[in-house]
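Undergrad: Spelled out, the chains give:
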Amino acid sequence: MEALQHLMSGFATALSPLNLLFATIGCILGTLIGVLPGLGPAAGTALLIPITFKLEPTSAIIMLAAIYYGAMYGGTITSVLVNVPGEAASVVTCLDGYEMAKRGRAGAALGIAAIGSFIGGSVATLGLVVMALPLSRFALKFGPPEYFSLILVGLSLVMALAGKSLTKALAMGVVGLIFSFVGIDPIEGAPRFDFGITPLLDGIRFVPVVMGFFGIGEILVNAEKSLASVVMDEGKVTSFLPRRDEWRICASSINRGTWLGFFLGLIPGTNSAVASFMSYAIEKKVSKHPEKFGTGVIEGVAAPETANNSYANAALIPLFTLGIPGSPTVAILMGALIMNGLTPGPLLFSQHATFVWAVIASLYIGNVILLILNLPLVNWWAKLLKIPYNILVVFILVFCIIGAYSLNNSVFDVGMMIFCGLLGYVFKKLDFPLAPAILTLILGPQMERSLRESLSLSQGDYSTFFTRPISLVLLIITAIIFITSAWQALPSAVREESKGAQV
Amino acid sequence: MSTVDRIAWSILCAFGVFVIYESLQIKYYGSDFGPGPGFFSFWLGVLVVVLSVIEIGRTFGKRVPLPANFFPAKAGVARIAWLLGALVAVVFLLTRLGYSLTMFLFCGFLLSVLGKQPWWLTVVLTLAGSFGTAYIFRQLQVILPGGWLGM
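The listed protein sequences derive, respectively, from chains A and B.
So in the numbering used here, spot 358 of the first sequence is number 1058, and the numbers just go up one at a time.
So in the numbering used here, spot 61 of the second sequence is number 69, and the numbers just go up one at a time.
No lab work stands behind these hints, which were simulated from the structure alone.
Among the clues, some could well be false.
To give an idea of the interface, some chain A residues facing chain B are shown, with a C-beta separation under 7 Å as derived from the structure [stated by the list, open to error]:
#  : residue
1  : 870
2  : 871
3  : 877
4  : 881
5  : 885
6  : 888
7  : 890
8  : 923
9  : 1090
10 : 1111
11 : 1114
12 : 1118
13 : 1130
14 : 1148
15 : 1149
16 : 1155
When the alpha-carbon atoms are kept at most 25 Å apart in a straight line, the in silico PhoX-like pairs for lysine-lysine are as follows [stated by the list, open to error]:
#  : chain 1 : residue 1 : chain 2 : residue 2
17 : A       : 1083      : B       : 124
18 : A       : 1128      : B       : 124
19 : A       : 992       : A       : 841
20 : A       : 1129      : A       : 802
21 : A       : 985       : A       : 1128
22 : B       : 124       : A       : 925
23 : A       : 864       : A       : 754
24 : A       : 1086      : A       : 925
25 : A       : 1128      : A       : 864
26 : A       : 925       : A       : 1128
27 : A       : 1128      : B       : 82
28 : A       : 1129      : A       : 992
29 : A       : 1083      : A       : 925
30 : A       : 1086      : B       : 124
31 : A       : 802       : A       : 992
32 : B       : 70        : A       : 1129
33 : A       : 802       : B       : 124
34 : A       : 864       : A       : 992
35 : A       : 925       : B       : 82
36 : A       : 864       : A       : 802
37 : B       : 82        : A       : 1129
38 : A       : 1083      : A       : 802
39 : A       : 864       : B       : 70
40 : B       : 82        : B       : 124
We treat Cβ as the ideally placed atom computed from N, Cα and C, and that holds for glycine.
Just need the whole structure built from these sequences, with the hints factored in.
TA: Next up, the structure:
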């Protein structure tokens, strides 16, 4: 009850005209930043911190939080419309979102993404009010062995991301992992696979690979035919809402995405890409038509987008309650809090209650603003597809070049993006799925670090993964996913034979 | 399995062997407890080889025709070459000519060869894609290379 009272007073502060204005400006700026490839939520939030210098602390954080989730939604727009994800969490949205856009359903894809993001974000904010402290304490039980097992669950999703061939998906997953090990070894500092090329010592960055695989790869495939003849959107965007028959499916997907994103957001060190990939894989698992995933099914957009936004809001729980930033963007928000004289952690709630509850209330209001802003704008965004493709291609490439270069002010990253574009083209032609390679590229370094840290802590004893209850449960889940996916991948004749033998 | 698929799996197999070889040049066990820097990559290389061998072996002797239009027509190959050539040129010119001039050439070239819009539109779009984007991103404090002329 006390929490609710605090929340009400928080709403009173957050709903002041000035704070509402800052939240709206933050949402608009965040969405614009998210639309620009290469400027993900972390870079966008950092870039716009100076704008908030002259504001009082509550307004400043309200605006920065709005920029944060505005940027998360902005990344979705480019994924759906031009197959270029602005940041890691939007990669999986490309798989079905872009296919929907190609079929003239960009409006519905962006609409359900906005609705899912709103629901996911709102539920996570409510969770922040009700369960913040106990859940954060639970999340603190995650040590290196638990992280390793959780990452294994993530890696096992490679099987679920498989298209027609499980072997191809596994091979791509392994290739992604090998790419992720390029550069300085995280524990001993030994250089690996650098071939004397200095920029490779920093490892292969995720953004050039994604832009190459998805953005440039797709352009090269389309370039096989006359680009002037490529029609992205054949009809008028009639609706930004799903069809009547799709609502029920979307409701379940949004529900699952919300809880998954919320749970993962509580665990510091995870990232929103894991949430969106996992939710996509779960949808594919529970779907009655998994073979249609990747061809433009709406739940393939609804679930990951919901999970991604739910994650973004839930990731603030460990920040506010424990002072632990769960992701790079949240770390930037933490820096902004400290700059404003507020130290995140358990004492924040007692010492600066007015501030904390106003920010929590503003999260909810921000989600409403984002929905109100973006639903009417869906048609405008979708109109981008009316631009002739031969012109659109040139601008997509310009933004990809800026995105890759600005990561580290390095031409090497532009070269890496082009190389990955060529690889992406070849893989697409050969029907090798790209998503598993992206998933493992993200998770590879975390997996290696947590395994080696776990073994250092246990002095080389591998049983540490089986004797810790949370880790054991996660390993069992991994095993179940592996076995069921492998079973489903077996040719039906072999499965029938096996069943016959059992009878 | 088509011949192209077989070639693809063979290249992957060779890549796996290369990864194994490179991994053996790095420490397999760490100085601490457990795996060293070369542990994972070694076993991943082995996994790539195993998957490739399984896939080649599983479909040995089975011939599947390539999908229709697998190989692009001559005009398609030319368009892909233009795109890739222009992108590679950007890598070489970006730090020398600077962002604005490089993108001016890049946009002008691609808009001319890929589309058939009026010349004035090509000029406007080229200016927007080069000097226009340079202005916007520099306003956003994104650092873009200036090159010899500082543009």
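Undergrad: Check each numbered hint against the structure and report the violated ones by number, ascending.
TA: 15, 18, 19 and 23
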